[in-house]
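Participant: So the protein lines, in turn, are chains D and R.
Going by this note's numbering, the first residue of the first sequence is number 2, and it counts up by one from there.
Going by this note's numbering, the first residue of the second sequence is number 1453, and it counts up by one from there.
Read the hints as simulated data drawn from the structure, not as lab findings.
C-beta atoms are modelled at their ideal positions from N, C-alpha and C, and glycine is treated no differently.
Hints should not be assumed to be uniformly reliable.
[Unchecked claim] List of simulated lysine-lysine pairs, PhoX-like, C-alpha gap at most 25 Å:
#1 Lys189/D <-> Lys69/D
#2 Lys1628/R <-> Lys117/D
#3 Lys249/D <-> Lys221/D
#4 Lys1575/R <-> Lys99/D
#5 Lys1614/R <-> Lys1687/R
#6 Lys99/D <-> Lys112/D
#7 Lys244/D <-> Lys221/D
#8 Lys1628/R <-> Lys1614/R
#9 Lys189/D <-> Lys73/D
#10 Lys99/D <-> Lys1614/R
#11 Lys112/D <-> Lys1687/R
#12 Lys1724/R <-> Lys1575/R
#13 Lys1687/R <-> Lys1767/R
#14 Lys1767/R <-> Lys112/D
#15 Lys117/D <-> Lys99/D
[To be verified] Chain D stretches covered by chain R per the calculated footprint, using a threshold of three residues with CB under 8 Å from any CB of chain R:
#16 68 to 82
#17 115 to 126
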Amino acid sequence: MTNSAVSLDGVSLVFGGKDTEHVLAVDSINIEIPQGQFVAIVGPSGCGKTTILNMLSGLIRPTAGSVKRHGKEVTEPSRDIGYMLARSALSPWRTARKNVELGLQLHGVGKTERRKRAEELLELLHLEGFANAFPSQLSQGMRQRVAIARTLAIDPDLWLMDEPFGALDAQTRLVVQAEFISLWEKSKGSTVLFVTHDLEEAVLLADRVLVMTARPGRIKSDNLIDLPRPRIIDELRFDEKFKAAEHKIWEELRSEII
Amino acid sequence: MKSLKPLSIKFGRSYEVKSSDGEESIENPLMSDEQKSHETPKRFDMASLPEETRREALIRRIDIPVQLSRILILVFIIWIWETRIIFKGFSVFGFDVLPEIIPLFQGVPTEAWDYVTDVWNEKLFWHDFWVTLQEALLGFLYGALSGFLVGMTLGRFKRARKVFSPFLIFTNAVPKIALAPILILWYGVDIGSKVALATIIVFFIVQIPVMAAVSGVDPDLDTVASSMGATQLQKFRLVVLPGILGPLFGALRLASIYAILSVVFGEFLASKRGLGQRLLYQVNNFGMGAAIALMSILALVALFFNAGIGFLERKFLRWQDDTTRGNVVSL
């Protein structure tokens, strides 16, 4: 399957060396993701979820195995990947709009065009009144939305999300999740790799949930989530089918945690 | 059962609600939110808040009690000084906190003011002023620039830091004013030796915080920029440089004061011209009023210097809180 959007083939990664001990972070991972699929990865903390994203983004190279996108080996950061971190990581000296523009600026997009694009995105995320606010003037939920806008501004083909809503309180998280999922459902078939430790979030949002083992991280199970789209996540939470799906995966995850 | 308990509203379904007096009311699920809002109690009207006039805003900003206290304290200081009360000595539990000063060594504000009016039209005074200013400015410029560049490089390149840090730590540990006599031998009694001393002192004041700030820039910002394919140069311009501006300006403000301190010290040791040289001459000849005047002038120069950097800081660090931004004196 060379035309998979993402394919990891026998990927292992060892950290450390020199003055620290070697640590096997992920062990012989195989993942194939077709274009347009929303895949969530859940697993205990420190199991190498973020490491997988870092390898896909081209920030680090695997010790063994191959990481490919559309059949091509990933060797360096690519312009069509949007990577969002757990902390919003906004530049405090840039306004919300300028933060959204960062990727476009790095790629040499002209001033008026990137401004237009940033304003569009801020509006989609209900932040139109805050374009000129600095991050310190925004609430945490708003900052995370600015970070989503920044990630999507470059119109990425692959969205890498590293626990993007982990720092939000329960209610804000619900609102931001709903905004995020509707943005993705409206996007033109982008592929998403969504790392989270929140199983409910994974099942609510994803088409497919991968459960990882504790370190060294391996894929423990691969679960398709058969819930209709578009998803109204605040109601889906109480749906029996959803609960059953979550419960089934929880059984897998629990033995890794407890 | 005489009455039903009121229930909370859930997902648009309607519940019968019976009030305690037995009267029955039914929540209509078809009623829109807008219609409901007509029945809610009157909301607080934001427009009813009194608007602050310009005059009120100005008064609030000036903060009259603070200004009055400042003026009172200043008047008090000048009064005990001018009346020479301060020279009579002052002791706490038998310790002479302020010893009694003999009249020859006393100087009062009016004498200082007389000196200022005397020299105001004197060409040589302004020449001295310019010499000292030039020494401080050049020393500040060379020191800040080299300190910035070295701090930046060593902050960014770990291995270079490892190589050079023992040398820098040792040099920094040298009491730098002890270098002054040597610098005078090497660079001569003119401005060169003072510029050199100020450069060395300013260099370390700037280099150390810049180096620390570069390694302290949020690694997440670096990751984000890298994942978007930023080049080293782009990361320097868009992540590192703006990230260290805060500590950099803090260091520059401190350095501006120290630049003047070091040139005055250099002039004390050996010099032909300059305000420091003038100050030492006056003290040696018991011109205490003149000495006070010259010290005040030097302080004013340092304050102006500092205020100039504070102005730039406010311009570049608009995003920071007002409380952390540099004000020489809050007005």
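Participant: Three or more residues of the region 68 to 82 of chain D near chain R by CB distance under 8 Å?
Facilitator: holds (count 5)
Participant: Is Lys1614/R close enough to Lys1687/R, meaning Cα to Cα at most 25 Å?
Facilitator: holds (23 Å)
Participant: Does Lys73/D lie within 25 Å of Lys189/D when you go C-alpha to C-alpha?
Facilitator: At roughly 21 Å apart (the allowed maximum being 25 Å), Lys73/D and Lys189/D satisfy the hint.
Participant: Would the pair Lys244/D and Lys221/D pass a check requiring their Cα atoms to be no farther apart than 25 Å?
Facilitator: Distance ~21 Å between Lys244/D and Lys221/D Cα, so the pair holds.
Participant: Between the alpha carbons of Lys1724/R and Lys1575/R, is the straight-line distance 25 Å or under?
Facilitator: holds (16 Å)
Participant: Is the hinted pair Lys1767/R and Lys112/D satisfied, with a Cα-Cα distance of at most 25 Å?
Facilitator: holds (22 Å)
Participant: Straight-line Cα separation of Lys249/D and Lys221/D no greater than 25 Å?
Facilitator: holds (13 Å)
Participant: For Lys99/D and Lys112/D, compute the direct alpha-carbon distance and say whether it is at most 25 Å.
Facilitator: Judged against 25 Å, a Cα distance of about 10 Å means the pair holds.
Participant: Holds or violated: Lys117/D and Lys99/D, Cα atoms, limit 25 Å.
Facilitator: It holds: about 11 Å lies between the C-alpha atoms, which stays within 25 Å.
Participant: Sort out whether Lys117/D lies within 25 Å of Lys1628/R, counting only the CA atoms.
Facilitator: violated (55 Å)
Participant: If you draw a straight line from the CA of Lys112/D to the CA of Lys1687/R, is it 25 Å or shorter?
Facilitator: holds (19 Å)
Participant: Is the Cα-Cα distance between Lys1575/R and Lys99/D 25 Å or less?
Facilitator: Violated, at about 53 Å.
In the structure shown, a violation is registered for the earlier hints numbered 2, 4, 10, 17, in ascending order.
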